[in-house]
Amino acid sequence: NAGVTQTPKFQVLKTGQSMTLQCAQDMNHEYMSWYRQDPGMGLRLIHYSVGAGITDQGEVPNGYNVSRSTTEDFPLRLLSAAPSQTSVYFCASSPLADPWNEQFFGPGTRLTVL
Amino acid sequence: DQQVKQNSPSLSVQEGRISILNCDYTNSMFDYFLWYKKYPAEGPTFLISISSIKDKNEDGRFTVFLNKSAKHLSLHIVPSQPGDSAVYFCAAHAGGGTSYGKLTFGQGTILTVHP
Chain A
1 NAGVTQTPKF QVLKTGQSMT LQCAQDMNHE YMSWYRQDPG MGLRLIHYSV
51 GAGITDQGEV PNGYNVSRST TEDFPLRLLS AAPSQTSVYF CASSPLADPW
101 NEQFFGPGTR LTVL
Chain B
1001 DQQVKQNSPS LSVQEGRISI LNCDYTNSMF DYFLWYKKYP AEGPTFLISI
1051 SSIKDKNEDG RFTVFLNKSA KHLSLHIVPS QPGDSAVYFC AAHAGGGTSY
1101 GKLTFGQGTI LTVHP
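Residue numbers (the numbering used here), protein chains in the order written: chain A, 1 to 114; chain B, 1001 to 1115.
The shape of chain A in the complex, shown without the other chains (with noise of 0.2 Å):
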């Protein structure tokens, strides 16, 4: 049992370069979520999914975009890399019986944007 993995681990990316940040559970959890840490500001909802085919926008969405396909993977898209987003990327997932409860966080993914 892995729990929240995300891959990879570290990224450098020229401005206006694409990519994509991947986060893979095997815990069947229904309710998947990015999160994005920078200094001083605690960590921001990007994007959550409640299901596969079902995804929303949270409070920094932009600049990012996700799907759901399967219930094991939630990747993350940056289709032109700004350097404001150089941060620290977390995906967690939860049950979606009570998402606000314990949310199983992955070990990150740090991009640098140049």
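Do not take every clue at face value.
[To be verified] Using 16 Å as the maximum straight-line C-alpha spacing, the simulated EDC-like pairs for lysine to aspartate or glutamate come out as follows: (1) Lys1102/B <-> Asp56/A; (2) Lys1102/B <-> Glu102/A; (3) Lys1071/B <-> Asp1031/B; (4) Lys1071/B <-> Asp1024/B; (5) Lys1068/B <-> Asp1084/B; (6) Lys1071/B <-> Asp1059/B; (7) Lys1005/B <-> Asp1024/B; (8) Lys9/A <-> Glu1042/B; (9) Lys1102/B <-> Glu30/A; (10) Lys1005/B <-> Asp38/A; (11) Lys1037/B <-> Asp1059/B; (12) Lys1054/B <-> Asp1084/B; (13) Lys1056/B <-> Asp1084/B; (14) Lys1037/B <-> Glu102/A; (15) Lys1102/B <-> Asp26/A; (16) Lys1102/B <-> Glu72/A; (17) Lys1037/B <-> Asp1001/B; (18) Lys1068/B <-> Asp1024/B.
[Said to hold, decoys possible] Computed spacing ranges between beta-carbons, pair by pair: (19) Leu79/A <-> Gln1081/B: 33 to 39 Å; (20) Lys1056/B <-> Asp98/A: 16 to 22 Å; (21) Val12/A <-> Gln1081/B: 35 to 41 Å; (22) Lys1056/B <-> Asn28/A: 32 to 38 Å.
Treat the hints as calculated values from the structure; they're not laboratory data. All of these numbers come straight from a predicted model, not from anything done at the bench. The beta carbon of each residue, even a glycine, is placed where N, CA and C say it ideally should be.
Given the structure of chain A, go ahead and fit chain B onto it with the hints provided.
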């Protein structure tokens, strides 16, 4: 507009003493509060939570207190251990509707427990 605030960026405590981490919120719709702990290069891990219908929840060395009238919660760690050194995030959930499942986090407090 920061709806959940942790006004102390850092806290230093001696091993064996009590650590008290504080959190204030502004949204009266928050109905569930959580504390997460984060070590460097790892994701946050759930520590303890409390529903708005309670004023206290205890789990071993960790106790969370909620004062709804003051919109304030605190996490007490007794006794503190060096392994408790980490960043602690307070988080809140506003129940129902479009807020379902969304957590709002505070900025975090770095706790250092000295041997």
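Practice problem: Just pull the numbers of the violated hints for me, sorted ascending. | Solution: Of the numbered hints given earlier, those the structure breaks are 5, 6, 12, 13, 15, 16, 17, 19, listed in rising order.
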